[in-house]
Structures are given as C-alpha cells and as structure tokens.
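Enquirer: Each chain, letter by letter, is given below.
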Amino acid sequence: MYKELLPPCNRSCPIGENIQEWLSLAEEKQYREAWQVLVQANPFPSCTGRACYHFCEKGCNRAQFDETVNIHGVERFLGDLALRERWPFPKPASASGKKVSIVGAGPSGLSVAYHLAQQGHSVTVYDRFKEAGGLMRYGVPSYRLPRDILCAEIQKLVNLGITIRLDTEVTDLSKLQAESDACYLALGAWKPRGIPGCEGERVQAALGFLCQEETGSRLSGTVAVYGGGNTAFDAARTALRRGAARVVVLYRNTQERLSAHPEEVALALQEGVDVLPLRVVTGCSGDGQVTLELQSPGQEGKVAPSSTTETLAVTLLLVAIGQEVESTLWERVVQQEGGRISVDRHFATNVPGIFAGGDMVPSGRTITEAIGHGRRAALALTAYLEGKSPPVLEKREGIPFERLNLHYYEQAPQRQESRNTPEGRPRSFQEIFATFPEETALYEARRCLSCGNCFRCDTCYGVCPDNAVCKGASAKGAKNGLMFDYDYCKGCGLCAQECPCGCIHMIPEYK
Amino acid sequence: MLKQIEGSQGVAEAVALCRPQVICAYPITPQTHIVEGLSVLVKSGKLAAEYINVESEFAALSVAIGASAGGARSYTATSSQGLLYMAEAVYNAAGLELPIVMTLGTRAIGAPINIWNDHSDAMAVRGAGWIMLFAETNQEAVDLHIQAFLLAEQLKCPVMVCVDGFILTHANDRMDIPAQEEVDAFLPTFAPAQMLDPAHPCSIGAMVGPESFTEVRYLAHHRQVLALSAISQVAETFCKTFGRSSGGLVHAYQLQDAETVLLSMGSVGGTIREVVDEERTAGRKVGYLSLVSFRPFPSAEIERLLKKARTVLVLEKALEPGSGGPLFGQVQQVLAGEVPRLFSVIAGLGGRAITRPSLRQLFSRAHSGDLEPIHFLDLDRSVLTAYDATLQDAFGAC
Amino acid sequence: MQKDFYPKGTKTLGNRLAPSLGTLQAQEDRPNCLTGGHRACQGCGEALGARYVIDAAWKATQGRLAVVTGTGCLEVFSSLYPESAWQTPWMHSLFGNTAAVATGVAAAMRARGTSEVRVLAQGGDGSTTDIGFGCLSGLFERGDDVLYVCYDNEAYMNTGVQRSSATPPTARTATTPPVGSAPGNPFGTGKNVPKLALAHGISYVATASIAFVHDLEQKVSRAMSFHGARYLHVHVPCPLGWGTNPRDTLVHARNAVYCGLFPLFEGENGVVTHSFKLEKTIPVAEYLRGQRRFAHLFAKSGPDTERLQALQAMADAYIAEFNLV
Amino acid sequence: MFQIRVHGRGGQGVVTAADLLATAAFLEGKHAQAFPSFGSERMGAPVVAFCRIASSEIRLREPILEPDALIIQDATLFSSVAVFDGLSSCGYVLINSKRSPKEMGIGPSLEAFPSDHVLHLDAADIARQHIGRPIPNAVLLGAFAAQTGLLALESVKAAISEKFPGTMGEKNNAAAAFAYEQVRGSQASC
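Residue numbers (this note's numbering), protein chains in the order written: chain B, 1 to 511; chain R, 1001 to 1398; chain L, 2001 to 2325; chain S, 3001 to 3190.
So here's chain B without its partners, still in its complex pose (with noise of 0.2 Å):
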C-alpha cells in the first residue's frame, strides 16, 4: 500500500510546515497552490523564508545525497510571489463570536492572531511598540529582512482583520481577561542579561542596540560584542553598516562553538568582524577599556579561565548574553526562574483562558519557533473556546535516509541566493541577497526527494511483473492516481524495494 510518510523537512520545521507537499506544488509551477499549503501553516513566509535558521534543512535527506534542497529559498520566492500578486490568505471560517486578545505582535502573537482568525475567531494584538513585528522587526537587521517585506506580510493579517493595537502596554490582565474569551501572552523576552561590572555609556544591550536599527548614530572606531549567538552576530553586523572601523566579537568558548548559526558567522567573517574567542569580559571601564579574561579550553567543550587577561579599547561594548522575560504583571501566572511562563504542551499556562508561548516560554527562542508556537497554540486554543479537550496531533511515521532509493535521483548541486550587496565589508542596510528567480526556485523544489511521499514517478507501476499496479483511469479515488490491484499482486514487494522515495509498504496479506 502507499504511506504518506513524515519526511524530516516537516519534521524538523518548527512550524510543522508540509514543505514536502509544497515543494511539490512548487515544482509544478503551481505556485499559489504551493503557498496556500505553505500558508496553512505558516502566515510570514517571506520573513521566514529570509530570517528562518531553516531547521529544515537541517534534517533534509538530500544533504546526505549532494546538498541540501534549498528550502527556504523557495519559501521566500514563494512568499515574495504571493505578496508582488497580492494573494489573499484564504477566506477565514465564519465568525465564531468568540474574543481573543494577544498580548505581543512578535511572530508567536501574530501567529496565532493569524491561526485563530482563520478559525472565525475575532482577534485582537496589543503591542507596547510602536510598530508590530516584535522581534522581526528590532531583532533581525534590515538586511536581513528588509522592512518593507515584514509590513507588507503584517498587511496581510490586518487584512485579514485582525486588530493589532500598537502602542499599547498592557497592565491589566485581569481586565484583558475579562474583556476577552481568552488570552494569549507573547510579549517575547527582552530584558536584557548584563555583566556586573560593565556598565555605563559605552556598554549596552545589543537588542536594544538593534532596536535602533539603521536609525541609530554612527559609529566609530572599535564597537566589540560579547556573546556567541544569532543576536551577537546580528549586533555585530549592524556595528559594521553603522561605521564601526573595526567589529570584534568576543566569546567565552572556542570559535567552532560558536551557537550562532554557521551561516550568519561566515558571513560576518566575510564582511570583517573578527572573532575573538576565547575571551570572557570582566569589566568595561568608562573610558571603553574592556578587560578580557583569556579562557584556556577543556574537556567536552568545557573552558577553564587563566589568569591571564588582557585589555581592549572600544567605543562601544554590546552585550549579547541573552535575554529575560520581564516580570511585571503576571502575579497569577506561574513563572519560573528568568521569568519564563510555564506552560504545558498545548501552551496552557495555569490559569485557564491563559496561553503563552514565543520568547516567553522555555523554548529555542527563534522567530520560527515562536510561530510554530502560534499555530499550535492556536489550535488548543480553539478547542478551549469550544469547550474542547486539546486536539492530540497525529504523529506519522518518519522516513529516514536508507528507505530512499537513490539510483533514481540526480546528482544536482544547491543553488544559492545570488548576492544583492557586493562581497566585503557592507556599506548599507540593503538586503543582501536576492529572492530566487523562479527559474532556480523550481530548480530547487525539483531537488525535492519527496522523502516518504509519492511524487508519482510511476516506478512502481513499470516496474511490477504482473501489472498489478493500476495508473489513471483504472485507479479511480487515489489520491497519487496510482492503486494495487491486489488479485494480481503476487507480493515481490518490487515496487516497494524501487519506490524512489520509500512511499510503498508491504504488509502481509495473513498474520
């Protein structure tokens, strides 16, 4: 029989994307099909599509084979497709008469707007901020994610008819609570962590320092970084635009230990920020001398210090050792240590009608997580308005690499974004690299393995001896166009063995 399998794109896709199924959509040139898949999941595909750390590709199964498929290059052509044609969202389900009010216009809050509005519900986002986008907008630099794009994806909701109520600091949740039918929190995380000791006009908080965007002052002389992660190197970046003569990012462990996403590193490499690992900052004085503490490394990615130290002089010192939720209102909610809301899996936290996720919840804290946390929150949400238990989601089978049956693929290298900006050091905030033209984006969705999923290769029905294998109008009702015919099947399991893709089970006929 034919499986539908979990390939390991979805799987790793914190949004739980079905990239396979829009990948082949895709590669039909069935582009608004494909991103109305996409959307199903996911509302911010041109964002993510720029700004996801692609867990998807992480796992994809044609890395082992050649390259990874370029996933969120197709997702971003797809994203920017639907946006230059003005594709609509679908049409949401009538109006249930049930209030939501959200608490946060990050990607986790107006994820969920965007999931629960599609279910009827009517959905309102508040948001001290001046403009929605949480971290979208004043944690990943411009040049990442060019702002125009990030509003016009926020249009979409609006048009959708979500009320997002900027500039607004929610004080009260207990009038929130009252005036809603439930609610959820996703205020992100954004107290900064500080070093004791350095302190003063020449250290600040690197997510404050993006906050700023390229609105901030120039820069000069030596700006230097502390911290290892996607925001050091973000901050460390935007130093450079800024006109920082020199970027230096200083980490506690090893270079290659860097949590930062290896892409980001070569890139900030590329345009001269140098790294200086090994180096934990003990002090800043006024004048800008930062005192290093050099580390000397251990076991298992464990670093000892020495006792040696040296100084450094910089204009400025931004701190990126991550960040804290703030703590202020929510007496009745449960909170745990960093101010983190606890919640279980249907991101419920103790007080019913309550719900929390994105940044404000123990989690990987990327902007892909925090959708993820939307739709899926969503989803309990919607049950808890109805009065129903939490939907349990169906976990299917997965399909790992060996089940693939490679002779039937090509060897076809990844392609890249090309650049907008040229090589070197930056001299704007323009994006740097350029939407798929669609040429490469079908290029790549074709690249697609289809793990686990028929892409109706018609293998199975050449290669079956006894024509068991019925194709087209002899297999009316499957979904592939593809059905066993089981009086003539005699069981080889040839079509499964050949199955490039890993999609055909046997199972026995009599246990």
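There may be inaccurate statements among the hints.
Stated by the list, open to error - To list a few chain L residues with every Cβ distance to chain B over 10 Å, as calculated:
no.	residue
1	F2005
2	L2013
3	Q2025
4	C2041
5	T2061
6	R2064
7	V2076
8	L2080
9	P2082
10	T2159
11	H2200
12	D2215
13	V2272
14	T2281
15	D2316
Stated by the list, open to error - Here are some of the chain S residues that sit facing chain R, going by a computed Cβ distance under 7 Å:
no.	residue
16	T3023
17	F3026
18	A3034
19	P3036
20	R3061
21	P3063
To be clear, the hints were calculated from the coordinates, so they are not data collected in a lab.
All residues carry an ideal CB built from backbone N, CA and C; glycine is no exception.
Please arrange chains R, L and S on chain B, whose structure you already have, making use of the hints.
Expert: For chains R, L and S alone, kept in the frame of chain B given last:
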C-alpha cells in the same frame, strides 16, 4: 502436358503449380533436386515465392512452421537423417495444426550411413500426426503433391508426400504435368484457419496441461479419421478434374479373387504388378494391395479388400529391430483372425533392389508356406558370416 | 538550468512534470503486450523484460507486430491453455527453433505483402545461446527482418536451474554444484552471444538491462528502425535461480551493470558504436554477495579470493573493452 | 520393351546418356524410363545408368539385369566391372574405344554376337573434333541410333537440343550426326 523429366523435377513443377508462398530448402540426398528445381523457378521469376536457404532441416521445417503460422502456404522437402534432425518440428507442425506440405525422398537411416532408398525415415515419424501419402509412380508423386495442399488446408494438418528416394526422385519418367489453370481451379487460395495477424491477435502454441492434453490428442486423431474420407474425396475430385486416377487410400490390383496378396507401399508396386501378372498367367490367384495413405491408416479399407484372402504378405522397406516390420504389425492388427496366413517380408533396405526373380521366389515360398515369420528378402548370409561366423547358427535356429 | 533537467524525474520510469520524457512503461496507455495474470514467479525479471521489450517494439511498429517465443519460463508462464497473457499475435513452437520460426513468419509477411508487420523473436539464454544458436546464426547470416531478443537469466530456469553457456563462472546451478576443487560453474572462455551477433555483421546489436528502462526502450526502438536481422540481449535476474529476494530483482540487475560484468553497449554492422557509461562502478563482490548461487564464494571460513579476483578481472576486462567509464 | 545399360565413369555423362535416350524415345511417342545406379558418385568412379523404352507404360522399377544393349563409355572398366552381366546373346554392345574388343582382350565373350551388334569407335576423338572436349555422349548416342535403329537420329538430336540449348547443343548434334553417318556407312559397307 506430357513431359519426360526427372521425378524430382516433376515434383518441383507440381509444387510450383500449387503456388507455395514460402519454400524452405536444405540439401540432403536424394531430395535435393526438388528444392534445386524450385530455386530455379523462384530465381527466374517463374514462381512468386519466398525461397529460404536455411542452415539445417530443423530450421527448414521451423521456417515452414513460422511461415504457415504467418499465413503463407509453405513447403519444404527432406530425407532420412534430415527428417530425424527435424523430428521435433515434425511433431510440432502437426500439433500446431499447420497445413505444411513436405516431400520426403524416402531413404535409409544410419548408422551405417547409407544414402539409398528405404522407408526407415518415414516410419520414424509415423506417430507425429502428419498425413503420410506414398507415391507409387512419379506421376502419382506429382498428383499427390497437388492433392496434398488441398488436404492439408482442408484438414488443418500437415501432409508428407513420400516419394521413394532415387527410385522415383532420380528416375527420368514420363509425367503429365497439369496446367496452371487446372491446378488453380482445383486448389483455392490459402485461407489460413489461424494466423499471426495484428488485427486479430491470437496465441498459437500455448502450453496445455493434463486437464486438456488428452482432448487435444483426441482431436488430432479425430482429424486423421476425417482424413480417411477426405483423402478419397480429394482423389475423386482430382480424377474428375484431371482425368486420371491418382492417390486415394489404396490401390488394389487383381484382388477380386486373390488368395495370396502382397501388400506394400511406394515404388516397388510397379515391379510387383509385373510379377502378379506373371503369376496370374501361370494360373495362381495372386493380387497386390498398395497403400497410398499410411497415415491415416486405412484399416477398414484393408479389411474390406483382404478379408477373403488366404495368405497376405506384407512387404515393407523398414525394420524395427526387436519388433519387426511396423507396417506388418498394423496389418496384422487388422487382419488377425480373418486371414489365415500373414507373413512379414522385409525388403529393399538401404537401396537393395527388389527384383522380379526375388518376388517370384517369394510368391513360390509363400505358396508352399515356406517362409519365416519375418522373412528378409534376399538375405545374403555370406555377408553375415563374413561379419561374424557365429551368426549363421543363430539365424539357422530361427 | 538545462532545459528538461529533472533531478528526480529523469531516472524514474515516469516524469509527471514532463510525461514525454518518461518511459513507455510509465504511460497509462502502454500496450501491456504481456498483460497481468500470468504465472511468473514473484519478482520475475523475464516477465518485466518481455513486457518492456515487446511494448516498446509494439509502439515502434504501431502495433503491427508478431511475436515468436521459444520454449522456456516465459512461454510456460504466459500461455497455459486456455489462457494467454499475450495481446499481440504470438506463437510458440519449440525450444531451439525460435529464430527459424521467426524467419518463416517474416517470410510469410513478405509473401503476403504485409511486410509492415514486423517480427520479434524471443527466448531465454538456454534457448538462444545453446540449443537455438544454430538457428539464430542462420537468421543472422540470412539477414531476415527479425529482431531476436534474448532474456538472459544465466541458466535453464524453467527446468530447475541448470547451467547454460550463459551461466557465469563459479555460479552454483543444479548441474554445477558448489563442491569439489572448482566449485560451481567452471571458468571457461565464455560464449558472448552479443559479440557473436556483432561478428555476423548484422545491422544492430545491443545489450540492455531491465534496470535501465530508458536505455532499454531506446534500444528497442532503435532496433526497430533498422531492417534485417537484429539482436538484443537483455539481462533479467531470476530470483528463483539466483537465490535472491524477489524484491531485489532490479537491485541485482543494476549491480550487474555497475560492476561491469554485464556491459551495456550497442553495435551496428559489426562495430561497437556506443557503450553505456557507468556513473559509478562497484566491486564485483558487491554484486555477487546476496545471491545464493555465489554464496560459496563468501563462506564463513573466508571469501574465495582467488575466484573473486578472477571474476573481478572479467569485469575489469569488460570495462576496458567497452570503455565503460 | 528394350533395355539399355550405360556404363562409364563419374563425369562422363553416363546418367545424361540414359536421360537423353529416354527423352528421344519420349519424343517419338514411346514410353521411357531412365535412372542411374544411384550412388554418391564422384568423378572417375564407375557409374551405371539404365534406360527402358517401351510402347506401353513401364511399371518395372528394378535395375536392368538383362539389358538388350550396352553403351560403354569407358574402355578401362572391364577389369573392375562385370559389364556384360545379363546381356542377351543377341544384344548390342557399343564401346567408346579406338581399339576393338578383340584388341583389348575382351573379345571371347563377344564372339558369338552378330558382328554388327558389337561396335567400337573413338567417340572421345570425334567429340574433340566437333565439340572441342572429349565428351563421348552425343557421339555414342548418334552411333547407338544408327547401330540399333531403335531411335531416329532426329529424335536423338531433339533430345540433345532440349538438354543443351544453343551452340553447345548444335555442336553435340553435329557430333551425333557424324557418328550416326559413320556407323551407317560402316554398316552399309559390311
């Protein structure tokens, strides 16, 4: 048209008059002159046919099998070892119900190798399911070929026309070769009962299992039973069309009141008739029965004609060591209990001439009852003793 | 991007994005000249090969095709009276006369003025390389308009796996048991019928494998573009005779090609014109392992390196001879 | 019925001689039968062929055991072949030889024959003159017609023309006619 030509040439001309569409040729003495004759006719454009020179007799008949299944009137010729080499295909052609006509220039089978005439080859395939007709004269050889195509196509059964090697094939004889129009009127265009036609796909030569094989063989026998009347009818029609009697199941000679009858097949009949005439002149009531149709075996006809005889001698040019004459065995089955004395005579093996003196002596011994159960005509005991001195005693004992 | 480049559609049998680039076997309206319901074993390579070849020939002739089949598995499993799996005009005569019967059919077509009906003869390796070789050579030499196809499963499978002249050295068969000082089929000089066919100078000779259907179909249609005698030798693994898992029939077929033991090539008028380049080569041992007929080469006590090396040398010689890489 | 036995060696045209006699008889409206002593003849081996000529249908298929006439194409046969077996005492003998039977030492068995029944002539030489090659057939047939009177020369010539159309036939016919006249001349003189 009367012609004085070699028997083989007469056969070739007769075959050509039947407008065969595919002719397969492989040389083997003494059949060779027939296919040579046909090759001249085809190459010179006098006969529109595909002429295929093959690499063996097995291929010769196989090509004919394919051609016949392909819807073409097909012909080949062979002899002796060649017939045995194609034996598998001989059975196959009959099993596939393909109306192929094949001339057999009858000849002995080795070892020891011997290229001369007897009927060992024909006897070796007597169970193959073919209709087997024996010509007594070259005129009859000509006529039987014309009848053979009609019979084969009517009955969906291959026909083997057995023409005594050398004695007929290489004899320069007077023959009346019919005109093309006459043959065309007698033999309609081939309308195959089954053929490989993409417009009407069929499968020929399927495997048949135990549940149907008996029935298939039954039908094969049934076809031969039908052939008994068909052969007579075709001979009658032939006689009406061409004005001469040829073929049929048997030739009866001086049988009305015959007490002693010699039964045989093929070209020896002429010499026998001479001796029968001599015997009659001498006042002895002898007769001759010549089988034209050996397959199907005309049992009823033999019984009808010979049941009043006192002595029947079955003279045949074949021997199954350990058994005797195969023809005798069959005649015995028919006449046992009706004819008091039945003798088996093995004669003419490997080209040994059957002469009037020998036949005279045979009759004389038959009259006196002085014949072994299996009598070897003109057995030269000196050859035996030269080979092995102890043999004389062994033979003396039997 | 190259036009028509489909990273997962060019090697698969079908290509939903560009159906015309797929094989005939992927088409819904393929003729199925050998249709389902036949009695072949599980995973039969010959059943596949026959359908691939005949369908392609049917297409090339637009259905004007007559097929002659020699005795063997193919004939037995497809035509047990009163049923037949053949949807083309089909006949079977004997084991050793297939080529000659085909000559006859072709002659009949010429004689009847229907020579647009083309003739295809087919038989197994026993039928072709052994008992029917005389007739085959005769067909070649005369140049009758017949495409003769040999489905080579490297032994007499119909009768219970006995050695044929196409059985590879060392292979275990019922008549070459894996015992004694030279276990399995002894090494000989071999009988490469495709090369013998080439030596006859006939218009077209090719080898093909059921694992490479595009190549196979292309060769059949090329063969049908010529007239006169043509020869196609198709490698068809036999799960029963080889002692392989039925589901792995095409895996072994592929490996046979990739290791070099079954070179795919084409020749015209006596000269090799093209060989199928191997995108990868594998050691012969990888092909042989997993086939019970070669199990004695991989005994627990240690592999039979001497024979494995000899087989590898055979493969290497083919790779060099046909310039496969 | 008149029975003729032709003796010679493979390649001399023994079988053809018998065939031509049969054809000549056929052309005269007679029944005829010719056949060789079947064998796998090779060049130079002794060969026999037979011919029967009759006014009614010939049924007999045995070899000719008691010939009425012998045509001997090769005079070297006598030591190895019993050429004269069964020949009736008033039969005809025609030998291709420069030398007489007596000279060859085979005289005694022929002495009782009527003298004009035993004839020898250098057929090879005559053939060489008329045909260019020492093929004795036509010469012997012409001589035979003259010797026995069984067949008209014209019939023999017609048979030759049928078998060998064109100049080859004409040359052979000239040879036959020459021999015919020579034999007739010698008969008249004796």
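Enquirer: Each hint should be assessed against the structure and marked as holding or not.
Expert: Quick rundown of the hints versus the structure:
1. Not every Cβ of chain B is farther than 10 Å from the Cβ of F2005/L; the closest lies at roughly 7 Å, contradicting the non-interface assignment.
2. With a cut of 10 Å on Cβ distances, L2013/L falls inside the contact zone with chain B, its closest approach being about 3 Å.
3. Interface exclusion of Q2025/L from chain B breaks down, the closest Cβ pair being 4 Å apart, not more than 10 Å.
4. Residue-level check failed: C2041/L sits 8 Å from the nearest beta carbon of chain B, not beyond 10 Å.
5. The non-interface label for T2061/L is consistent with chain B: the shortest C-beta to C-beta separation is roughly 21 Å, beyond 10 Å.
6. No beta-carbon of chain B is positioned within 10 Å of the beta-carbon of R2064/L; the least distance is around 23 Å.
7. Even its closest Cβ contact with chain B, about 15 Å, leaves V2076/L beyond 10 Å, as expected for a residue assigned away from the interface.
8. Consistency note on L2080/L: stated as away from chain B, and its beta-carbon is indeed over 10 Å from all of that chain's, at 15 Å minimum.
9. For P2082/L, the non-interface assignment is confirmed: its Cβ lies about 19 Å from the closest Cβ of chain B, beyond the 10 Å cut-off.
10. A cut-off of 10 Å between C-beta atoms confirms that T2159/L is not in contact with chain B; the least separation is 21 Å.
11. Taking the minimum C-beta to C-beta distance to chain B, about 32 Å, the non-interface status of H2200/L holds against the 10 Å cut.
12. For D2215/L, the non-interface assignment is confirmed: its Cβ lies about 13 Å from the closest Cβ of chain B, beyond the 10 Å cut-off.
13. Distance to chain B confirms V2272/L as a non-interface residue, since its nearest Cβ pair spans about 26 Å, more than 10 Å.
14. Under the 10 Å C-beta cut-off, the non-interface status given to T2281/L relative to chain B holds; the minimum distance is some 14 Å.
15. The claim that D2316/L is not at the interface with chain B holds, since no C-beta of that chain comes within 10 Å of its own (minimum 23 Å).
16. A cut of 7 Å between beta carbons decides the hint on T3023/S: the least distance to chain R is about 5 Å, and the hint holds.
17. Satisfaction of the interface hint for F3026/S is found here, the shortest Cβ-Cβ separation to chain R being roughly 3 Å, below the 7 Å cut-off.
18. The closest approach between the C-beta of A3034/S and any C-beta of chain R is roughly 4 Å, which is under the 7 Å cut-off, so the hint is satisfied.
19. Checking P3036/S against chain R: minimum C-beta separation of about 6 Å stays under 7 Å; hint holds.
20. Hint on R3061/S holds. Least Cβ distance to chain R is approximately 5 Å, under the 7 Å limit.
21. The beta carbon of P3063/S is positioned within 7 Å of a beta carbon in chain R (closest approach about 5 Å), and the interface hint is therefore held.
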